[in-house]
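Undergrad: Model the placement of chain B on the given structure of chain A, informed by the hints.
Protein chains in written order, with my numbering: chain A, 33 to 150; chain B, 2 to 115.
Simulated from the structure, these hints should not be mistaken for laboratory data. Treat the hints loosely; a few may be bogus.
As the list claims (entries may be wrong) - Under the rule of at most 25 Å between Cα atoms (straight-line distance), these lysine-lysine pairs were calculated in the PhoX-like manner:
hint: 1; chain 1: B; residue 1: K50; chain 2: A; residue 2: K68
hint: 2; chain 1: A; residue 1: K73; chain 2: B; residue 2: K110
hint: 3; chain 1: A; residue 1: K72; chain 2: B; residue 2: K50
hint: 4; chain 1: A; residue 1: K68; chain 2: A; residue 2: K51
hint: 5; chain 1: A; residue 1: K68; chain 2: B; residue 2: K102
hint: 6; chain 1: B; residue 1: K110; chain 2: A; residue 2: K72
hint: 7; chain 1: A; residue 1: K72; chain 2: B; residue 2: K102
hint: 8; chain 1: B; residue 1: K110; chain 2: A; residue 2: K68
hint: 9; chain 1: A; residue 1: K68; chain 2: B; residue 2: K79
hint: 10; chain 1: B; residue 1: K70; chain 2: A; residue 2: K54
hint: 11; chain 1: A; residue 1: K73; chain 2: B; residue 2: K102
hint: 12; chain 1: A; residue 1: K73; chain 2: B; residue 2: K50
To be verified - Not close to chain B: a few residues of chain A, all C-beta gaps over 12 Å, as computed:
hint: 13; residue: L43
hint: 14; residue: V44
hint: 15; residue: K50
hint: 16; residue: N102
hint: 17; residue: S104
hint: 18; residue: Q114
hint: 19; residue: D117
What the hints assert, rightly or not - Just so you have them, the derived chain B footprint on chain A, three or more residues with Cβ under 8 Å:
hint: 20; segment: 51-59
hint: 21; segment: 91-97
Glycine included, each C-beta is placed from N, C-alpha and C at the ideal position.
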Amino acid sequence: ETGVTQTPRHLVMGMTNKKSLKCEQHLGHNAMYWYKQSAKKPLELMFVYSLEERVENNSVPSRFSPECPNSSHLFLHLHTLQPEDSALYLCASSQEFLGTSGITDTQYFGPGTRLTVL
Amino acid sequence: AQSVTQLDSQVPVFEEAPVELRCNYSSSVSVYLFWYVQYPNQGLQLLLKYLSGSTLVESINGFEAEFNKSQTSFHLRKPSVHISDTAEYFCAVSGSGGYQKVTFGTGTKLQVIP
Chain A
33 ETGVTQTPRH LVMGMTNKKS LKCEQHLGHN AMYWYKQSAK KPLELMFVYS
83 LEERVENNSV PSRFSPECPN SSHLFLHLHT LQPEDSALYL CASSQEFLGT
133 SGITDTQYFG PGTRLTVL
Chain B
2 AQSVTQLDSQ VPVFEEAPVE LRCNYSSSVS VYLFWYVQYP NQGLQLLLKY
52 LSGSTLVESI NGFEAEFNKS QTSFHLRKPS VHISDTAEYF CAVSGSGGYQ
102 KVTFGTGTKL QVIP
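Chain A with its partners taken away, still in its complex shape (with noise of 0.2 Å):
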């Protein structure tokens, strides 16, 4: 496989239950981030990681939990969401941690993930 894949596509669930979402690249990056893509709004950086650490975690509420085992791999977990937090998740990858070297490296995007809360 080649470039950044995530499964499930598409993931239902209530309100009480645990899930996850698989992020992997294929691409040899060091970066990885995940997005939100609500209609209507724009997308959301909802966390970065660089060379596995969490360089970035905008305000997202403690629901949601990342996970960087290794370079390749970026999970989001989930836990008692709401009806609200049905959205397209996006995962992404550039090569090193946007802006670190003055240059924005490109993002490559997954598929997403469409999840619904009911």
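TA: Okay, now just chain B, sitting in the frame of chain A:
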């Protein structure tokens, strides 16, 4: 702080007609600008970007965008669209020095009509 405005949420256009997707930004610092495209059921793909140099940037599939600093715009254009261009297009901006978060617009859905 920075922001991106894409005023048109949907743009229908006939095949082989020209199209312009508008993007305006605000920022207190120098910027980098991007256009991403999202085809149905896929993630975002970088279409083109402006970092420095020539204000006119082009993509391999015929799109171009021009950075206009005085008007704080980065409109995307194509002289003749194809059915395969049907997708959602996102404009994005980041500051140009050190760590700068990328801010995305709300997207414009381009619908090419046969």
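Undergrad: For every hint, state whether the structure bears it out.
TA: These are the hints, each one checked on the structure:
no.: 1; hint: K50/B <-> K68/A; result: 22 Å, holds
no.: 2; hint: K73/A <-> K110/B; result: 13 Å, holds
no.: 3; hint: K72/A <-> K50/B; result: 23 Å, holds
no.: 4; hint: K68/A <-> K51/A; result: 16 Å, holds
no.: 5; hint: K68/A <-> K102/B; result: 15 Å, holds
no.: 6; hint: K110/B <-> K72/A; result: 11 Å, holds
no.: 7; hint: K72/A <-> K102/B; result: 20 Å, holds
no.: 8; hint: K110/B <-> K68/A; result: 18 Å, holds
no.: 9; hint: K68/A <-> K79/B; result: 29 Å, violated
no.: 10; hint: K70/B <-> K54/A; result: 40 Å, violated
no.: 11; hint: K73/A <-> K102/B; result: 17 Å, holds
no.: 12; hint: K73/A <-> K50/B; result: 22 Å, holds
no.: 13; hint: L43; result: 15 Å, holds
no.: 14; hint: V44; result: 17 Å, holds
no.: 15; hint: K50; result: 25 Å, holds
no.: 16; hint: N102; result: 21 Å, holds
no.: 17; hint: S104; result: 17 Å, holds
no.: 18; hint: Q114; result: 22 Å, holds
no.: 19; hint: D117; result: 19 Å, holds
no.: 20; hint: 51-59; result: violated (count 0)
no.: 21; hint: 91-97; result: violated (count 0)
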